[in-house]
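Based on the provided sequences and hints, a complete structural model is requested.
4 protein chains.
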Amino acid sequence: MQAEPAHDIAHLGHVEILTDRPEESLDFFTRVYGLSESGREGDSVYLRAFDDYEYHSLKLTAAKTTGMRHAAYRAASPDALQRRVNAIEALGAGIGWSDGDAGHGPTYQFHDPDGHVFEIYYETRRYEPPPEERPALKNQAQRTPNRAIAPRRLDHINLLAVDVDAIRDFFPKALGSRVTEMIQLDDGTLGGCWFTCNNKSYDVAYTRGATGTRGRFHHVTYAVDQREQILRAADVFLENGVHIETGPHKHAIQQTFFLYVWEPAGNRVELANAGAWLILAPDWEPVVWTLEERKKGQAWGLKTIESFHTHGTPPAGG
Amino acid sequence: MQAEPAHDIAHLGHVEILTDRPEESLDFFTRVYGLSESGREGDSVYLRAFDDYEYHSLKLTAAKTTGMRHAAYRAASPDALQRRVNAIEALGAGIGWSDGDAGHGPTYQFHDPDGHVFEIYYETRRYEPPPEERPALKNQAQRTPNRAIAPRRLDHINLLAVDVDAIRDFFPKALGSRVTEMIQLDDGTLGGCWFTCNNKSYDVAYTRGATGTRGRFHHVTYAVDQREQILRAADVFLENGVHIETGPHKHAIQQTFFLYVWEPAGNRVELANAGAWLILAPDWEPVVWTLEERKKGQAWGLKTIESFHTHGTPPAGG
Amino acid sequence: MQAEPAHDIAHLGHVEILTDRPEESLDFFTRVYGLSESGREGDSVYLRAFDDYEYHSLKLTAAKTTGMRHAAYRAASPDALQRRVNAIEALGAGIGWSDGDAGHGPTYQFHDPDGHVFEIYYETRRYEPPPEERPALKNQAQRTPNRAIAPRRLDHINLLAVDVDAIRDFFPKALGSRVTEMIQLDDGTLGGCWFTCNNKSYDVAYTRGATGTRGRFHHVTYAVDQREQILRAADVFLENGVHIETGPHKHAIQQTFFLYVWEPAGNRVELANAGAWLILAPDWEPVVWTLEERKKGQAWGLKTIESFHTHGTPPAGG
Amino acid sequence: MQAEPAHDIAHLGHVEILTDRPEESLDFFTRVYGLSESGREGDSVYLRAFDDYEYHSLKLTAAKTTGMRHAAYRAASPDALQRRVNAIEALGAGIGWSDGDAGHGPTYQFHDPDGHVFEIYYETRRYEPPPEERPALKNQAQRTPNRAIAPRRLDHINLLAVDVDAIRDFFPKALGSRVTEMIQLDDGTLGGCWFTCNNKSYDVAYTRGATGTRGRFHHVTYAVDQREQILRAADVFLENGVHIETGPHKHAIQQTFFLYVWEPAGNRVELANAGAWLILAPDWEPVVWTLEERKKGQAWGLKTIESFHTHGTPPAGG
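Protein chains in written order, with this note's numbering: chain A, 126 to 443; chain B, 126 to 443; chain C, 126 to 443; chain D, 126 to 443.
Any given hint could turn out to be false.
Remember, identical chains collapse to one label, so a pair may be satisfied in a single copy or spanning two.
Okay, derived cross-link-like pairs now, BS3-like style, lysine-lysine, Cα gap no bigger than 25 Å in a straight line [what the hints assert, rightly or not]: (1) Lys-263 with Lys-420; (2) Lys-428 with Lys-263; (3) Lys-421 with Lys-263.
These aren't lab readings, by the way, just hints derived from the structure by calculation.
Here it is in structure tokens:
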């Protein structure tokens, strides 16, 4: 049985994505994908969905490569942050403290067993809408954008890893995360693992990469309010020449209604809707899927597209 | 600033509703509203939505009156349960332990300042689907019902109270709940208050009753996955002669997409969808609405229907 | 029994709306309501929805007043046009031929018994998208707009009349229209009447105005593909300070899912969705509603808003 | 340019499907697919969707094989019926008159160039709902069913043919149908052709079969009001062990949102939604797709599933 949820970590806060086509990527994320810009600093543009309460949930950074530079979780309190730092240091995974950036205060960096960089922080910068972005309803961070696609908030990230079992062992200890679902291969090792630190059914997922390259990024996902909006989004992607990789369809694992596209630099981006699904049970037992079960494809029979197993950023060997 | 969330309470577990038209009420909740029966005991029928993981989320009990007999929260662990019992006893609100029923183990009873009865428990009975109810996807509690209306899970309850300020003071101390939104009247007292013990934006709401009667019930709500299902539900209610009180429309407070009907005994029942809205900020500040703001009506301008202020169960003075 | 459909008239083609706030109205119709501009001529801007195949479906004309200057139907062929001209002349309702405008060729003008001006034409100007507006799918007139609101096509108009019985007598003779539904008052006269010239359930509706003023306009309606888009549109209207008059809700008559707003000059505008509803029966019998039945309100019980009976453009007595 | 629409044929009326698993097929069409039974006669059960105005739109007949026995169109009037009979006789395609059945009066039978049998009739039997099936809204044929899947009406059929060019030549002459879209292969012959006799974008489609067998059936389609209902239907098919062949997704041709399943006897059945799409132009020019364009797959990139080209009923060579 999993331990009682720790709740030291409140939620996934943001992700930093690298792009070697910064102007095209920014155009995609704002004009097409429906995020808005909070500000810029150095080579980075800070972006967010209309109901993300923080200054940013996506830091888009111009670079010579692609992929994820880091992902960050917000702690529930200063004490909770310190408890997690202690736990991570005990695991020998710590990198150290840094000063934060335009979006948040001091942050503690660490790496997962596959080499992806994470941060945890508590002090944050709340988004303050300028007058023209003040919402009609005061319980919303920003006005609803007048775009076909209007994600409400950052939902989760998905990363590739060489050794998913190591990851499965690491996150509950490091962040107090719970495992909600996993894929167990015929040799007993894990092919994928989904974690959550709150009532969402997952905030980070790992799947085994087909290449041996470490630290690769699979996708970042924002949540929309209704899956009908994902159907409409597909038309908008089509009209704007965005590469639609697969979907819309419903995952068997986590039952997420999904649509995957590639932003201009090649990073995979998802729109998703989970309906009213939440993990409310404090003693949730991980759902374990076998390869045999996975052969049925997605929930309604769509075969998992081959590139889903091979395409990640940066390109393997790159 | 509100205290860091306590997380001793995992979620609202179930509600016991009284009906003086038990057969008609049962027919409504199962055939029309889309719940299914887990079992019976004495004068009660245990009901649940297809993805409620426990044995029941609604205990429907034949009685000479209507309204709510009790609502129950599930604690996050045995220790968390004991911490809450201690806190409630310190508040002088405790009633005592009882043995539980067909749905769960030992439970501690208490009353809120308005006299509504609550229970907290940890040991529960998980729903075990019979073969014909086993879902195609193993991460779901029960197969999706073949009904027009198919709520996924219990969402929240709404209660009337004479003194909402007393309630606002009570729940954070008793259960560690957070206040997410409230209505402040011109005299500074509260007209309504919304609480949550997890990432849902509310699991219990209180509004000031127009009568002086204590312990009255306003409504119970189940969540559906998409708001389009609420539009279709309206047709089904219409075809089945169910009294549609108001909606479908979108609340300004909490932005819930709603539809209110009265089940045959007069208890108000809601179907709701919150989209991708969650309270993720660990330091969420309550949103305070003035009466002036409330005069704008619901989100899209619908005036709040008069019976919403007056109709509760049991009938006042009854 | 109604006569076999004549089919001389193919469809409602466009409507000319007057505005005394031309810049604000144009901003509303394009930036908020989701139409696009085809061109300008004199005091008029030609607008259309993304899948209207003609050059325009809305001619927005700056004027000292508001309301509808004319509505126009496209005939099925040159011969069909001439047959209708003959029929209208026989009714003594003709005004005469004019040269057309930027949107279409020669047109024959006439007035209905209440004084509203109509036109019928056959030669039209097809919309030719500039390169940046070419759709990804070649069976669509223009690319899907990247706006929250994206109506597919003009749907219908609704006009006020002093004598609806005279209108009911006129349209089948003048245009070969069929009556699909009507409201019969207790004195036997008509309170409202819905007409169609094709398989849509109506393209023009008349309701009795509360004032004695003739020739007034009630609303123009565009169709969206899914009613979920109307729910989202309500948020966009709210955010943009547009007056939402009533809805979203479902009409009992014609079962249209509706949302009514006022554009800045006061003309009422609707977004609607009819689902898969079509009038396919060649011998459809009009559905007749009594006042008693109308007292139930709209389909799900919403009371018809008072301004729906009184507000028209131009203002009565204006 | 196509001729002005003839309008002698009002709409597709019904289709007769053969099944060698009659009980299972009936269970599928009623309990799962959401049709209701009007009556039985001999080896046939008469079925319809809730807003089909006639006695039946699907005649399900127990047989030793599968496939379509006939499809039937309703004429606009007795005169129109006779005009079509004359046209068909002139084409040498007539079979002759028969007395009709439980669902309609005298009917004239003919065959298309591929050997499929069609009927045209005018006298029909309107569906009269028994008291428990009377709708709450009188403008609807029957009450909305309390099933997850609730199609509104018959939409279209799709047939396989050896020589689609012959079909393309035949229907405009026989029924006055218009061609709305077609696939032209590199050798100039047609790979598929879509026809309509009214404002729907198609009521019958033909595609070239991969086998040389004549008279085969591809699928029958019912329309639902919103595409969200198709997403929910997919869950219901999954839960009921129905073979989901492909979808939900959006066709490039006709832009229909689709979901294909096989009923227990192997006949392919579709649920579809066309949004607000109608063919209103009286001079609509057929949209011609090349094989090169078809290689892009469906609208959002889904590759056409292989069985779509090979599976028909009865089995080829069977």
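Original post:
Which hint numbers does the structure go against, in order from smallest to largest?
Top reply: The structure breaks none of the hints.
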